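Novice: One letter stands for each residue in the lines below.
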Amino acid sequence: MELCELTVHELEEKLNKKEINLKDIVKSYEQRIREKEPEVQAFVSINEDAQKQVEQGKTGIPIGIKDNICTKGIKTTCSSKMLENFVSPYDATVMEKLQNHVILGKLNMDEFAMGASTEYSAFKKTHNPWNLSKVPGGSSGGSAAAVSADMVPWALGSDTGGSIRQPSSFCGVVGLKPTYGLVSRYGLVAFASSLDQIGPITKDVTDCAILLNKIAGYDEKDSTSIKIQPKDYTKNLQKGVKELKIGIPKEYFGEGINNEVREAILQVAKKYEQMGAIIEECNVATTNYALATYYIIACAEASSNLGRFDGIRYGYRAEHCNNIKELYRNSRSEGFGQEVKRRIILGTYVLSSGYYDAYYKKAQKVRTQVKQEFKRLFEKYDLLLTPTSPTVAFNIGTKSNNPLEMYLADICTVSINIAGLPAISIPCGLDKDGMPIGFQLIGNSFSEEKLLYTAYAYEKEENFREKYKPQFKNDKT
Amino acid sequence: MSNGDYETIVGLEIHAELSTKTKIFCSCPTEFGGEPNSHCCPVCMAMPGALPVLNEKVIEYAVKAGIAMNCEIAEISKNDRKNYFYPDLPKSYQISQYDMPLCKNGYVEIDTKEGKKKIGITRIHIEEDAGKLNHDEFGKKSFVDLNRAGVPLIEIVSEPDIRGAEEAEAYLKKVKAILEYIEVSDCKMQEGSFRADVNVSVRKKEDNKYGTRTEIKNMNSFRAIVNTISYEAQRQINVIENGGKIEQETLRWDELQGQTISMRDKEDAQDYRYFPEPDLGLIKITKEYVEKIKENLPELPESRKKRYISEYNLPEYDANIITSSKYLSNLFEGALAICKNPKSVSNWIMSDIIGALNEREIEPDKIPFSAKDLGDLIVLIDKGTISTSIAKKVLQKMFETSEKPDEIIKKYGLVQISDEDTIRKLAHKILEANPKSIIDYKSGKDHALGFLIGQAMKETKGKANPRLLDQIFKEELNK
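Protein chains in written order, with my numbering: chain A, 1 to 477; chain B, 1 to 479.
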């Protein structure tokens with residue numbers, strides 16, 4: 001077995017036993033990237049100096065970073081023409097926390113994290129390692145595909161409406177969206193400020209806990225980050241699920257959910273029951289309003305957040321402009337892709353005077369109700385169990401021209417961002433075509449520890465990683 | 001109908017930069033000037049991913065201003081984004097406060113010809129200043145300087161209670177004085193740290209509905225504001241008198257032509273798409289916090305004025321002028337502490353010092369000597385070391401060189417001659433040289449005495465003690 005196929009905790013074990021050194025690990029990943037990147041296309045930029053940086057004293061296990069997290073001295077493009085040559089003058093807080101780790105590269109994504117397939121990257125389409133004709137999901141598709149293809153040991157993604165969990169489920173890896181405020185957003189290029197969170201994408205639950213340990217914590221540079229006692233998320237992984245009350249919200253199993261997915265998730269529920277958990281059906285009545293609410297709030301915030309890309313101080317600037325209005329109009333028309341423009345226009349509309357009350361204000365009211373409903377549910381249940389995505393990975397090109405259908409890919413994940421809750425996606429099998437299915441566990445605020453030990457219990461029992469490997473098959477050839 | 005049948009209604013939105021050490025959302029210095037873009041960081045330059053953190057001093061200063069202007073302080077308020085594109089606004093939104101301002105429902109009192117009048121304050125909210133554009137006169141380029149971007153501001157919005165330019169000026173001066181006294185803003189108009197948007201409308205006195213208003217933005221001198229209001233009111237009256245209608249619009253004051261000019265940019269009818277700033281939490285203020293600030297608030301101009309009148313018997317007019325500026329008022333109190341002569345300090349400020357400020361076209365904060373220096377100068381007069389006329393010369397020197405009064409006196413040999421023998425010798429000399437004056441005096445022409453004293457002053461370059469001269473001349477002449 002190649003080193004690059006091991007998990008981080010397995011690599012660390014070998015390092016501790018001095019069986020290998022960090023350079024061996026980096027070499028193995030570089031080799032893997034050379035082999036697989038041409039067909040997967042997960043990277044926006046690859047660090048050519050990884051080995052040199054190990055020589056210069058970096059000691060952490062290398063990592064891949066989604067390209068919307070600012071890295072000093074390395075391009076941060078958000079997979080947009082707008083920031084094609086942008087180099088951040090500062091490091092995101094999570095990068096400061098990971099400063100000991102070699103960055104293997106910056107990973108592809110939907111432009112400004114808007115999308116569910118990574119097809120909206122301005123630079124390249126990333127392919128799903130399980131079947132290269134399929135999308136890896138999105139927006140953190142590059143991160144999930146790279147972890148899945150063993151091109152990086154682990155990666156950071158960002159999740160605004162499902163952008164960590166959905167691609168993790170499509171690529172058969174573990175993805176955690178932490179509680180809003182647990183991980184600093186300072187240096188994450190904002191899409192929707194009240195929804196965005198950075199989180200880990202890893203090969204297994206233990207790695208997920210290790211990486212969360214490294215990135216979680218209060219940051220005085222982010223006013224929305226929350227002061228809580230730091231925790232060791234690896235400590236109680238073996239706790240087990242006896243007596244744990246897990247709710248199964250009916251609304252997540254209805255229309256639009258693929259049958260194979262539904263069956264797979266119900267199997268997971270059974271498995272938990274066998275392990276001693278208490279499974280009970282429940283309702284999340286606000287689910288039906290979540291998607292509309294999400295797109296109003298996310299687009300409203302995005303329309304404002306993306307205003308700074310105006311061609312004045314950095315980023316793309318159109319040539320031959322006669323006045324300032326032309327400079328704005330042309331730079332933004334040429335620098336942004338279709339989906340980004342669509343959302344900016346949607347967001348501008350819902351905030352406009354005369355429409356504000358009907359859309360934005362109403363969405364905020366629904367948001368409060370969503371929060372309250374989850375709060376009530378967690379008085380009764382420890383966790384909720386749902387599919388991560390209504391379907392497995394779809395074919396490249398099938399949804400990219402149908403925005404509404406693409407938005408529906410987020411149906412199982414957006415409520416969690418609206419409520420600011422943590423949720424994790426865990427692989428739980430393959431469909432008949434060999435594509436991974438993922439299930440989602442949703443917890444109360446700051447219940448990451450519970451999410452992780454519950455996920456760990458399933459993982460240990462089912463051993464997805466040992467049973468299945470990405471095939472890199474290509475339907476087209 | 002005549003102008004007298006109309007009244008001019010003015011509403012003012014004052015923007016005052018707060019004198020906190022650091023900016024409102026980052027730790028860059030707020031200092032004026034500096035190399036372009038040298039007081040900047042990822043936050044105030046709006047680099048991707050950077051986030052604001054609210055400076056708590058800004059809240060403290062704004063609450064101080066709110067209390068000083070009799071406002072209610074909101075227990076909960078919030079920040080909102082005001083979205084618009086302009087190159088001096090790096091985020092493309094200004095973080096301001098929209099529907100939940102920090103302070104509301106206050107007032108300040110001004111003096112008018114008809115007596116005291118309360119001008120209502122609708123609200124005071126906090127927000128960030130924008131950067132500055134520097135236009136290249138020769139090429140076709142503009143340069144963005146973000147040193148000012150993120151400097152904290154308070155916006156003080158008045159009710160439409162102000163009638164005419166004079167009241168507007170009195171109100172502005174009062175607000176400026178209050179902000180200076182409580183030390184939350186240095187209110188340097190020439191540096192743009194105290195500026196106002198002016199709303200003007202007119203109506204016939206018997207009407208109880210307001211007329212359509214026009215807005216003149218970003219004015220930073222009292223004179224310009226007064227001229228603008230007078231001009232704009234007259235223009236509106238003329239339009240109405242000629243059967244026209246006032247259009248609600250934004251105007252600009254053209255200083256050279258002395259008139260308001262329509263901006264006529266329809267895209268200026270902006271929709272700012274305000275919404276709550278998701279990067280910042282609610283601002284929560286406890287009653288205890290407000291009480292603590294209240295207790296530590298410095299004495300306000302109105303209270304000082306009353307004290308000057310009752311304790312020191314200053315005329316109301318003098319007390320008003322001295323307390324209109326924190327710097328003059330502090331000068332008064334500082335000098336008084338040394339010389340214990342309120343009447344004299346007041347007189348010096350009212351005549352020579354204000355005269356010198358006007359002559360030099362400088363503001364009271366630029367007075368180059370200390371209150372102690374002024375006190376010392378008055379002590380020197382009261383002790384008879386120098387005469388009042390010498391003191392006036394010393395004061396001019398103090399303005400020019402900032403030297404201490406006793407140093408100036410020593411350096412230029414200005415000490416008063418009060419030695420009786422010396423004065424008598426001098427008198428003899430003058431009398432010998434002016435026999436005709438002796439005859440005039442003896443024949444009852446009193447002005448001869450004045451002439452003789454004048455000659456003696458001339459001889460001593462003003463240093464002779466005038467009281468002694470008068471006494472000795474009389475003695476000699478009456479022998």
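Everything labelled a hint here was simulated from the structure, so no lab data went into it. Do not take every clue at face value.
[As the list claims (entries may be wrong)] Calculated cross-link-like contacts (lysine-lysine; reagent style DSS-like; alpha-carbon spacing at most 25 Å):
1) A/467 - A/432
2) B/461 - A/325
3) B/78 - B/117
4) A/221 - B/461
5) B/188 - B/204
6) B/117 - A/221
7) A/325 - B/132
8) A/361 - B/78
9) B/118 - B/284
10) A/371 - A/245
11) B/78 - A/227
12) B/404 - B/445
13) B/78 - A/362
14) B/217 - A/325
15) B/78 - A/221
16) B/463 - B/392
17) B/463 - B/429
18) A/375 - A/341
19) B/294 - A/371
20) A/227 - B/284
21) B/393 - A/365
22) A/341 - B/104
23) A/221 - B/57
24) B/284 - A/375
25) A/221 - B/82
26) A/432 - A/371
27) A/361 - B/104
28) B/404 - B/393
29) B/392 - B/461
30) A/450 - A/460
31) A/365 - B/284
32) A/365 - B/57
33) B/82 - A/362
As the structure is a prediction and not an experimental result, all values here were calculated from the model.
Novice: Would you mind marking each hint as holding or not holding in the structure?
Specialist: Against the structure, the hints come out as follows:
no., hint, result
1, A/467 - A/432, "15 Å, holds"
2, B/461 - A/325, "70 Å, violated"
3, B/78 - B/117, "32 Å, violated"
4, A/221 - B/461, "68 Å, violated"
5, B/188 - B/204, "37 Å, violated"
6, B/117 - A/221, "46 Å, violated"
7, A/325 - B/132, "18 Å, holds"
8, A/361 - B/78, "16 Å, holds"
9, B/118 - B/284, "29 Å, violated"
10, A/371 - A/245, "20 Å, holds"
11, B/78 - A/227, "21 Å, holds"
12, B/404 - B/445, "42 Å, violated"
13, B/78 - A/362, "19 Å, holds"
14, B/217 - A/325, "21 Å, holds"
15, B/78 - A/221, "19 Å, holds"
16, B/463 - B/392, "12 Å, holds"
17, B/463 - B/429, "16 Å, holds"
18, A/375 - A/341, "35 Å, violated"
19, B/294 - A/371, "39 Å, violated"
20, A/227 - B/284, "17 Å, holds"
21, B/393 - A/365, "73 Å, violated"
22, A/341 - B/104, "39 Å, violated"
23, A/221 - B/57, "17 Å, holds"
24, B/284 - A/375, "24 Å, holds"
25, A/221 - B/82, "22 Å, holds"
26, A/432 - A/371, "37 Å, violated"
27, A/361 - B/104, "24 Å, holds"
28, B/404 - B/393, "13 Å, holds"
29, B/392 - B/461, "14 Å, holds"
30, A/450 - A/460, "15 Å, holds"
31, A/365 - B/284, "21 Å, holds"
32, A/365 - B/57, "33 Å, violated"
33, B/82 - A/362, "20 Å, holds"
Checked against the numbered hints given earlier, this structure breaks hints 2, 3, 4, 5, 6, 9, 12, 18, 19, 21, 22, 26 and 32; the rest are met.
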